[in-house]
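In the order they appear, the protein sequences are chains A and B.
For what it's worth, our numbering labels the leading residue of the first sequence as 1, then goes sequentially.
For what it's worth, our numbering labels the leading residue of the second sequence as 1, then goes sequentially.
Mixed in with the good hints there might be a few duds.
Said to hold, decoys possible - Not the full set, but computed from the structure, chain B residues with beta-carbon under 7 Å of chain A: (1) Ala36; (2) Leu39; (3) Thr60; (4) Ala61; (5) Gly80; (6) Pro112.
Unchecked claim - Away from chain A, derived, C-beta distances all over 10 Å, residues of chain B: (7) His16; (8) Pro29; (9) Pro88.
Derived by calculation from the structure, the hints in this document are not laboratory data.
Positions of the beta carbon are idealized from the N, C-alpha and C atoms, including for glycine.
Protein chains: 2
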Amino acid sequence: MSEEADFELTPLYRVHAFGCTTQRPPSHPRGSCGTAGALPLWERLGQLIEKHQLPDVAFTAAGCMGFCAAGPLMVVYPEGIWYRPTTPDDIDEIVDSHFKNGRRVDRLIVVPQRR
Amino acid sequence: MSEEADFELTPLYRVHAFGCTTQRPPSHPRGSCGTAGALPLWERLGQLIEKHQLPDVAFTAAGCMGFCAAGPLMVVYPEGIWYRPTTPDDIDEIVDSHFKNGRRVDRLIVVPQRR
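Only chain A is shown next, with the shape it has when bound in the complex (with noise of 0.2 Å):
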């Protein structure tokens, strides 16, 4: 593509989660969302998002984003949303309310900060 050229994107997905997957060893003094439950939540997410048929939709594992001790932690663009979903009904939720009908779920959002 040129790169004079100035296109309008069509956004991919709607929504795009990525949620994290490091495991530490539980000992380890960072902690880590893998040791935190993440990864049979990250599991039904891709689960329900396929039940569901969000084509729009997409989950990606990722690696650390920081905030170790807010796990399990995900991120949700283009809005920049960070949830901490701790059990299945977290999740179904997030899938029901945000994901399917646009409406974010406050209860479960964590606000990191940076360092």
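Given the structure of chain A, go ahead and fit chain B onto it with the hints provided.
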């Protein structure tokens, strides 16, 4: 936080980039970003963000985002811009132009198509 709260959220990052680190065997029919040379590029990207001290810019390693034939593949949010850098110079340009100065690098953009 209350479920009824209607609060504003300040984005944590001005730029949050995700790069695919999936590594499949070279003979795998889907290919992979790792096989396409992604890993040293993402390493350089992370080093440049640190070197230029861009606290509102983050890079996160990611799993497969699909579109494996288009790798090395990265996506930059909140804009949702997909890039296919292949050389260290490409990485430098993305950091200088997009991450530091907010000007996307049209020549490196790819437009993945959902199946």
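Hints the structure violates: just list their numbers, smallest first.
Result: hints 1, 2, 7 break, sorted rising.
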